[in-house]
Amino acid sequence: LAKTTQPISMDSYEGQEVNITCSHNNIATNDYITWYQQFPSQGPRFIIQGYKTKVTNEVASLFIPADRKSSTLSLPRVSLSDTAVYYCLVEDKIIFGKGTRLHILP
Amino acid sequence: DVKVTQSSRYLVKRTGEKVFLECVQDMDHENMFWYRQDPGLGLRLIYFSYDVKMKEKGDIPEGYSVSREKKERFSLILESASTNQTSMYLCASSPTRLAGGPPDTQYFGPGTRLTVL
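One line per chain: the protein sequences are A and B, in this order. Counted from 1, the first sequence has number 63 at position 63 by the numbering used here; the numbering is strictly sequential. Counted from 1, the second sequence has number 91 at position 91 by the numbering used here; the numbering is strictly sequential.
One chain only, chain A, in its complex shape (with noise of 0.2 Å):
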């Protein structure tokens, strides 16, 4: 069972590239890297999902080491709408946890 582990919250300040990072050591072969963004008082959307190398969608981008035991989300030039909670789910378990809470400053 992969479990992955992420920071609990993270500050950036409008206009910085954010890079969230989710480590999943046990990450299995057919598995896949997913992440959602929660805004507050709504449910989980998803966001980008990967296998390897890198993903890239009108939202965010997705980097995937060689090794997989890792993953990187990264938000180009937030604003303060990019304040919410980022889970990364590796598959195929569904397993939240407790995300990283991105808070932008002005």
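Since the hints were derived computationally from the structure, they do not count as laboratory data. There may be inaccurate statements among the hints.
What the hints assert, rightly or not - FRET-style restraints, in silico, Cβ to Cβ:
(1) B:Gly101 with A:Thr72: 38 to 48 Å
(2) A:Pro65 with B:Glu69: 40 to 50 Å
(3) B:Pro110 with A:Phe63: 30 to 40 Å
(4) A:Pro65 with B:Leu98: 39 to 49 Å
(5) B:Ser80 with A:Glu14: 47 to 57 Å
Claimed, not checked - To be clear about the criterion: a stretch of chain A counts as covered by chain B if any three or more of its residues have a C-beta under 8 Å from a C-beta of chain B, and this derived list gives those stretches:
(6) 31 to 45
(7) 67 to 73
(8) 96 to 102
Unchecked claim - Lysine to aspartate or glutamate pairs mimicking DMTMM-like chemistry, simulated, CA-CA at most 25 Å apart:
(9) B:Lys3 with A:Glu58
(10) B:Lys57 with A:Asp31
(11) A:Lys3 with B:Asp38
(12) A:Lys98 with B:Asp104
(13) A:Lys98 with B:Glu56
(14) A:Lys3 with B:Glu56
(15) A:Lys52 with B:Asp104
(16) A:Lys69 with B:Asp104
(17) B:Lys3 with A:Asp82
(18) B:Lys18 with B:Asp28
(19) A:Lys3 with B:Asp104
(20) B:Lys57 with A:Glu91
(21) B:Lys3 with B:Glu62
(22) A:Lys3 with B:Glu69
(23) B:Lys18 with B:Asp59
(24) A:Lys54 with B:Glu79
(25) A:Lys3 with A:Glu14
(26) B:Lys55 with A:Asp82
(27) B:Lys70 with B:Asp38
(28) B:Lys71 with A:Asp82
(29) A:Lys98 with B:Glu69
(30) B:Lys13 with B:Glu30
(31) A:Lys3 with B:Glu62
(32) B:Lys3 with A:Glu91
(33) B:Lys70 with B:Asp59
(34) B:Lys70 with B:Asp104
(35) A:Lys98 with B:Asp51
(36) A:Lys54 with B:Asp104
(37) B:Lys71 with B:Asp104
(38) B:Lys55 with A:Asp31
In this text, a Cβ means the ideal position worked out from N, Cα and C, and glycines have one as well.
Here the structure of chain A is known, so what remains is to put chain B in place on it, guided by the hints.
Only chain B this time, still in chain A's reference frame:
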């Protein structure tokens, strides 16, 4: 767009009452999930279902039961509500994962904040 709706945003019940939380999805998804979210504990899976009339226990099923009589509807039942079940309850749905493919995205409802007095 996938839509997952939950019957109430806020609910207040008394200890010992039987409580029903309803969740409906409109995208013909096979999988449905119930989570609870508490400060400092993140999201914890209570029950999930991969098909009609099918259910599986999650990490914290004690004190809860579920019902899935129709594909689009998944109900969470608190047989005798207790104060420690005061929480935010989140429902989600997802399509069936294709063999060898990536996990499917879960789509969440807005949540029901339940207070048990």
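For each hint, the structure was consulted:
Checked against the given bound of 38 to 48 Å, the beta carbons of glycine 101 of chain B and threonine 72 of chain A, roughly 24 Å apart, lie outside it. Distance hint check: the CB atoms of proline 65 of chain A and glutamate 69 of chain B are about 46 Å apart, consistent with the given range 40 to 50 Å. Between proline 110 of chain B and phenylalanine 63 of chain A the beta carbons are some 32 Å apart, a value that agrees with the proposed interval 30 to 40 Å. Between proline 65 of chain A and leucine 98 of chain B the Cβ separation comes to about 26 Å, which falls outside the hinted range of 39 to 49 Å.
The hinted range of 47 to 57 Å is satisfied by serine 80 of chain B and glutamate 14 of chain A, whose Cβ atoms lie roughly 48 Å apart. Closer than 8 Å: that is the beta-carbon criterion, and the region 31 to 45 of chain A has 8 residues meeting it against chain B, so the requirement of 3 holds. Counting residues of the region 67 to 73 of chain A whose CB lies closer than 8 Å to any CB of chain B gives 0, which falls below the minimum of 3, so the coverage claim is violated. Counting residues of the region 96 to 102 of chain A whose C-beta sits closer than 8 Å to any C-beta of chain B gives 4, which meets the bar of three, so the coverage hint holds.
For the hint pairing lysine 3 of chain B with glutamate 58 of chain A, the CA-to-CA distance comes to about 22 Å; that is within 25 Å, so the pair holds. For the hint linking lysine 57 of chain B to aspartate 31 of chain A, the alpha-carbon distance of about 22 Å falls within 25 Å, and the restraint holds. Proximity of lysine 3 of chain A to aspartate 38 of chain B is assessed by CA-CA distance (about 20 Å); at most 25 Å being required, the pair is judged to hold. Proximity of lysine 98 of chain A to aspartate 104 of chain B is assessed by CA-CA distance (about 21 Å); at most 25 Å being required, the pair is judged to hold.
Among the hinted pairs, lysine 98 of chain A with glutamate 56 of chain B is consistent with the structure: their alpha-carbon atoms are about 22 Å apart, no more than 25 Å. About 21 Å separates the Cα atoms of lysine 3 of chain A and glutamate 56 of chain B, which keeps this hinted pair within 25 Å; it holds. Pair hint lysine 52 of chain A plus aspartate 104 of chain B holds up; C-alpha atoms about 17 Å apart against a cutoff of 25 Å. Between lysine 69 of chain A and aspartate 104 of chain B, the direct Cα distance comes to roughly 21 Å. Compliance with the 25 Å bound is thereby established for this hinted pair.
The suggested pairing of lysine 3 of chain B with aspartate 82 of chain A holds, with an alpha-carbon distance near 23 Å, which does not exceed 25 Å. For a cut-off of 25 Å, the pair hint linking lysine 18 of chain B to aspartate 28 of chain B is broken: about 29 Å separates their Cα positions. A threshold of 25 Å between alpha carbons decides the hint, and for lysine 3 of chain A with aspartate 104 of chain B the separation of about 19 Å falls inside it, so the pair holds. Annotation: proposed proximity of lysine 57 of chain B to glutamate 91 of chain A holds, straight-line Cα distance about 17 Å (limit 25 Å).
Of the supplied pair hints, the one linking lysine 3 of chain B and glutamate 62 of chain B is violated, its CA atoms being roughly 28 Å apart against a limit of 25 Å. Restraint check for lysine 3 of chain A and glutamate 69 of chain B: the C-alpha separation of about 33 Å exceeds 25 Å, so the hint is violated. Annotation: proposed proximity of lysine 18 of chain B to aspartate 59 of chain B holds, straight-line Cα distance about 22 Å (limit 25 Å). The straight-line distance between the Cα atoms of lysine 54 of chain A and glutamate 79 of chain B is roughly 47 Å, outside the 25 Å bound, and the hint therefore fails.
Proximity of lysine 3 of chain A to glutamate 14 of chain A is assessed by CA-CA distance (about 31 Å); at most 25 Å being required, the pair is judged violated. This hinted pair does not check out: lysine 55 of chain B and aspartate 82 of chain A have alpha carbons roughly 35 Å apart, beyond 25 Å. Of the pairs offered as hints, the one joining lysine 70 of chain B and aspartate 38 of chain B is violated, with about 29 Å between alpha carbons and a cut-off of 25 Å exceeded. Between the alpha carbons of lysine 71 of chain B and aspartate 82 of chain A the distance comes to roughly 34 Å, so the proposed pair goes past 25 Å and is violated.
Distance hint between lysine 98 of chain A and glutamate 69 of chain B is unfulfilled; the C-alpha atoms sit about 32 Å from each other, more than 25 Å. A distance of roughly 31 Å separates the Cα atoms of lysine 13 of chain B and glutamate 30 of chain B; the hinted pair therefore is violated under the 25 Å criterion. A C-alpha spacing of about 23 Å is found between lysine 3 of chain A and glutamate 62 of chain B, which places the hinted pair at or below 25 Å, so the restraint holds. Proposed proximity of lysine 3 of chain B and glutamate 91 of chain A is supported: the alpha carbons are some 23 Å apart, at most 25 Å.
Distance check on the hinted pair: lysine 70 of chain B and aspartate 59 of chain B sit about 24 Å apart at the alpha-carbon level, within 25 Å; holds. Pair hint lysine 70 of chain B plus aspartate 104 of chain B holds up; C-alpha atoms about 21 Å apart against a cutoff of 25 Å. Straight-line distance between C-alpha atoms of lysine 98 of chain A and aspartate 51 of chain B comes to about 28 Å, which puts the hinted pair past the 25 Å bound. Among the hinted pairs, lysine 54 of chain A with aspartate 104 of chain B is consistent with the structure: their alpha-carbon atoms are about 19 Å apart, no more than 25 Å.
With a C-alpha separation of about 17 Å, the suggested pairing of lysine 71 of chain B with aspartate 104 of chain B holds against the 25 Å cut-off. Distance hint between lysine 55 of chain B and aspartate 31 of chain A is fulfilled; the C-alpha atoms sit about 23 Å from each other, no more than 25 Å.
In summary, the numbered hints that this structure violates are 1, 4, 7, 18, 21, 22, 24, 25, 26, 27, 28, 29, 30 and 35.
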